[in-house]
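Asks: Listed below are the residues making up each chain.
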Amino acid sequence: MHGLTSRTDSIIVQSGARTGVENVSVVGSTAAIGTVEFEPGLKRDLPDMLDRLIPPSQSYGHEQAWHDGNGHSHLKATLIGPSVTLSVSEGEMAVGTWQQLFLIELDIKPRVRELIVTVQSEKTDRDPI
Amino acid sequence: MHGLTSRTDSIIVQSGARTGVENVSVVGSTAAIGTVEFEPGLKRDLPDMLDRLIPPSQSYGHEQAWHDGNGHSHLKATLIGPSVTLSVSEGEMAVGTWQQLFLIELDIKPRVRELIVTVQSEKTDRDPI
Amino acid sequence: MHGLTSRTDSIIVQSGARTGVENVSVVGSTAAIGTVEFEPGLKRDLPDMLDRLIPPSQSYGHEQAWHDGNGHSHLKATLIGPSVTLSVSEGEMAVGTWQQLFLIELDIKPRVRELIVTVQSEKTDRDPI
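Chains as they are written, first to last, in the working numbering: chain G, 1 to 129; chain A, 1001 to 1129; chain D, 2001 to 2129.
This is chain G alone, in the form it adopts within the complex:
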């Protein structure tokens, strides 16, 4: 798991947006984007929870075709989802003090990931309606 908030907040700063929304998407079927309180316990708990719900040891139809052993990776990624859209407020993503946007790698071998961050800014200085 990788915390993304400091990187995405610097992109918001570069964009000059004060108020709006930000979409963060990962390209690919075996990684996912979400938010969590980013501390060591939950960084273990979240993959553990996914393993419990979608056991790697189970047999999946995906493997009958591909024999690559990552059927569970695909299902976990679909469950968590490939993107998050959150509000931007006062020039940063509107999250809780300890809450972070994260990328979770769910594949069974290391992968290089492409993230796309889109900031959409209101034109006025007003708060979000």
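FYI, nobody ran anything at the bench for these hints, they're computed from the structure.
Positions of the beta carbon are idealized from the N, C-alpha and C atoms, including for glycine.
A portion of the hints provided could be inaccurate.
[Unchecked claim] Footprint (simulated), chain D over chain A, 3 or more residues, beta carbon under 8 Å:
1) 1025-1033
2) 1074-1082
3) 1092-1104
[Said to hold, decoys possible] In the SDA-like style, the derived pairs of lysine to any residue whose C-alpha atoms are separated by at most 25 Å in a straight line are:
4) K43/G <-> S10/G
5) K2043/D <-> E2114/D
6) K1109/A <-> F38/G
7) K109/G <-> G2096/D
8) K109/G <-> K2043/D
Keeping the supplied structure of chain G fixed, place chains A and D upon it in accordance with the hints.
Replies: Same frame as chain G, but now just chains A and D:
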């Protein structure tokens, strides 16, 4: 669980948007946003389902650091997600007759929650492409 | 399950957008939108996984009121979610080679579904920030 659609629809009306998208986000790591048919049965079924998938009784790494007993709250919130983006059509959120946007409180003690609603409107009167 | 990417990509082409975001939403409480590697194995694995997590055979509060036997359909739809927002890059949705946007029908009888696709385009030719 709190139904949000009447409140978010009044925000759309105030914004004057006829067609576009609306993002609803909750700030914090132990609440989540989703949609559901908002009737008494499902309002019990959804928390029950989350308790079954992520039992409060289980031991989580989060609690070894914080001892606050809400590790399950964090994991449930990540699973459902902190925001939903839906289409706005004819001046209201495009949902089914009984479908509602909801906020689910997943923490173990009462919390005051900040919701941020962003309406993005098309400039023309055309339907969504 | 229905693959949507070819249809949504043709909508992006019609819109003329090169860079931006696309939101795809389904109207209704018993269908969901997500992304997955769209191949025969996973097209069986995903519904199987949902049946395992939220068994149709179990008794749900929803059915005590409605007796329509689709309590599990509602819960599955809430878990996967009613919409996905992804980046548009170089005139198409930024997904992996085999990754597709899908609609999954979760109800217990055939339904006609309304999908709403909204493309939001940057005004410039720059890449997403």
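Asks: All hints, please: hold or fail.
Replies: Cross-check of the supplied hints:
1. 1025-1033: This one is violated; 0 residues, fewer than the three required, reach chain D with a Cβ under 8 Å.
2. 1074-1082: Satisfied; 3 residues make the cut.
3. 1092-1104: Check passed, 5 qualifying residues.
4. K43/G <-> S10/G: Holds: K43/G and S10/G sit about 23 Å apart, inside 25 Å.
5. K2043/D <-> E2114/D: holds, 21 Å
6. K1109/A <-> F38/G: holds, 21 Å
7. K109/G <-> G2096/D: holds, 17 Å
8. K109/G <-> K2043/D: holds, 23 Å
Hint 1 from the list above is the single one not met by this structure.
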